[in-house]
Amino acid sequence: MFLTKHINFMAKRKIAMIFSAILILISVGSLVTRGLNLGVDFTGGTVIQVGYPENANITQIRETLTTAGYDAAVQPFGTAQDVLIRLPDQPNADRSKVSNDVIKALQAESSDVVMKRVDFVGPQIGDELRDQGGIAMLLALGGILIYIALRFEFRFSVGSIIALLHDVVLTIGFFSVTGIEFDLTILAAILAIIGYSLNDTIVVFDRIRENFLKLRKAETDESIDTSINETLSRTLVTSFTTLLVLVSLFFFGGEIIHGFSIAMIVGIVIGTYSSIYVASSSLLMMGVTRETLLPPAKDEEADEELDAIP
Amino acid sequence: MNQNPTWKYLLLVAVCVIGMVYALPNLYPSNPALQISLTNTDQRFVGTEIETITKSLNDAGIDIKKVENKDNKLMVHFADTDAQFAAVDPVKASLGDQYAVALNLAPTTPSWLSGAGAKPMYLGLDLRGGVHFLMEVDMEAALNKGVERYKEEIRGYLVDEKLKYLGVIREADDSLTIKFKDQAALDAASKKLTRQYQNQLSIEQVDATKGASLRAAITEDNLSNIKKLALQQNITTLRNRVNEIGVAEPIIQQQGLERIVVQLPGVQDPSEAKKILGATATLEFRMVDEENNAFDAQANKRTPIGSVLYEERGGSPILLKRQVMLTGDFITDASATFDQNNQPAVSITLDGKGARMFERATGANVQKLMGVVFIESKTDVSRDADGNIVKKTVNKQEVINVARIQEQLSSNFQITGLDSPKEAHDLALLLRAGALAAPVYIVEERTVGPSLGADNIEAGFNSVIYGLIAVLIFMLIYYRVFGIVANLALSLNLILIVAVLSLLQATLTLPGIAGIVLTVGMAVDANVLIYERIKEEIRAGMSPQNAIHSGYEKAFSTITDANITTFIAAIVLYGMGTGPIKGFAITLAIGILSSMFTAIFGTRVIVNMIYGNRRVEKLNIG
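Chains A and B supply the protein sequences, listed in that same order. When you line the first sequence up against UniProt numbering, it's residues 1 to 310, in that order. When you line the second sequence up against UniProt numbering, it's residues 1 to 622, in that order.
Take the hints with a grain of salt, since some may be wrong.
Straight-line distance between alpha carbons at most 27 Å, and here's what the computed BS3-like set of lysine-lysine pairs gives [what the hints assert, rightly or not]:
(1) 97/A - 378/B
(2) 214/A - 535/B
(3) 151/B - 92/B
(4) 92/B - 104/A
(5) 217/A - 92/B
(6) 104/A - 210/B
Derived by calculation from the structure, the hints in this document are not laboratory data. Computed from a predicted model, the values in this text were never measured in an experiment.
All chains should be modelled from the sequences, with the hints used to inform the complete structure.
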């Protein structure tokens, strides 16, 4: 499908870099000015999902809760029968009882309301999850950096980390710009994106390494271009199958998993783009050449000596 | 070229068969069920229980599917959750207090499968419904209790040993200052105290200019020991309480140094569970100070030495002696009952040591007044101006009952003064289950209602199936014969993931299902890599047989590199993981490993079977 064309990717890398730079600026700008719409997992507070047999009257629920003294955000959840109620941390109440009281207040209004889900996160847990999330991301990045440095060369691992950061920043930026709630499952999605984006990058790097050794006369950017072209159909096929299942997850997996599937879909689109442009152009920028990967002369001799032994 | 040695066929077939056997139990849907067990685990069923249950359910018009008796537990199966919910009350009413009735999911694995150790996957709370609590133990309260205990103990010890002292005072840094009249008295006490409390307290003389006094502080080792014991006792107590409530397959585990995870599958009403688990109610028995007037003490804000000012339930003040005659710790059994005036009461049984102590104390005080103190403590968590977490323990102590001791009391007696039968019932439960060493409070709650759990299972299942079908169709169209091979590998991969999850009895959560879905999409990557490589080799002019051989060989290191990095991310996720996220990480990691087996080894065996050892003009690879 993609075989006949040879696309000159590296020639257009300036355009790609400007494009990425603009997106990163927007993401960082939005993160600084708007921040993230952090879910209760990170802020502490209570989320209650209730179900009604018929379409829920959001306005009335809001009124009931205001009368009961709660500053709650009420919104429909998935269907018109389901309602999500968010309460910020209640420092002056017995926190663990807040959900009981809210449900009691709603039941007084209409007796057939059903509690479907309660998530209560105390302030100390919110703080911890936020810290742990950051640490987890750093650990994952660190582990991967070491692995690639061992398998390839230090500049390759820097290149893949740049691509990774690019993907993570843009995905988080997407959540900041759209204001979609950022909870624990999104954090899990981002860690999965780290794994996925890397997977893509490594396939390209692997081919670059191979072509550096094979295409002895080619210029560095030509070799990189050839490598990207050779792996292009694989990159697109795999991204496509992964997107297929994520779309299925988005439509059939239920409201709870929506954020996760959106994060993954965004991350995979960005990851596919970055493994083509960001990772490889950063290799060029750092001055990786064919010679970088040739084994040091001394080792070659040693190999020859070994070969000479019958 | 490209032939399979026999062992490769055998290995693939063996993995297929084993995978299918262990994945199979998941195809038998679990029945909604009631689990009936005895609250006292030492007892056995009488034998008439099944009859009683069947009769009560027949009367209520509820159909039973099946009744099983396993490991001293009865499992009553129902056709649907409606019947299950409706059955709870009639069954509870017919059996009485010594039985715990809990909602559960009963697997219907056929015996030939369960005989081979095959079980369905363990569903997480988000899929089966239930309550997850993370409880923090108030360690400051535990420490506080420890300091107070040493204060009392040292006083008692000095009196017993006839050592003269002026007073024992608690300082702000939680150390104790023991004051003496002169250096001689101090020296005499110092030696004995040091020996008595070695390894527990560090005892040293305070600067002599401030008078003769000793400073006793709890040692670091002892401090962490006190905390450890508090956590252990709380876990035991919580476990007892959960057994009293009646929950099937509860999980009560330590997490970190100060926290306890409590998972109660199938619990419908989290508010009741919260109330019972977090309750700190316990009792203390003290003599009433009859020589002094409590109203005067309250008005003058001056409590006589040796007494403590309390309030009665009605609000009037009362003076009780400082010395405690008996605490709730010695209670072995308690049950709710009614006294001769038909008021709610709790009948209490003490253990041997408690009985002896109580006999001695009450025997010496016949015709005097004794007060029963009801103690409840609660921890308030708030943020100070700097946003730091501040904890405060609030103690509520009230005297529920004052009665004249008519005769010497021993191991069995009753207390009254309770507001309602419900309060008597709860207090009895708490006394039976034992007191918490320190208050616990909930820092995280995740409750999923049973209907949402069922919805989540269905949604998860659908997304896996539709995602899988989409990928299968795409691969078939894009890679033709090789697509079929990849599809076989993908299906086997899915079976293996389910089989491994079932074998490990790892918890399947909704994010876990998302992990499986993601694996389905990414698992074909290995095959895509191989197939694209084969196509390239053919374009480069290689013969089909050589292209297959070299395609598999060259793609291998790429696949390994790519998968190991995703695997690193999965391990990190697991390490930091809380519940559901852990489930995602596990399925992701298992998926990576099994996809490497099926996509590299599995497809090669099949491709060799189709194309190996014969003349091939053209590969049907799209």
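Right, here's what the structure says about each hint:
no. : hint          : result
1   : 97/A - 378/B  : holds, 13 Å
2   : 214/A - 535/B : holds, 19 Å
3   : 151/B - 92/B  : violated, 47 Å
4   : 92/B - 104/A  : holds, 25 Å
5   : 217/A - 92/B  : violated, 84 Å
6   : 104/A - 210/B : violated, 60 Å
Consistency with the previously given hints fails for numbers 3, 5 and 6, ordered from lowest to highest.
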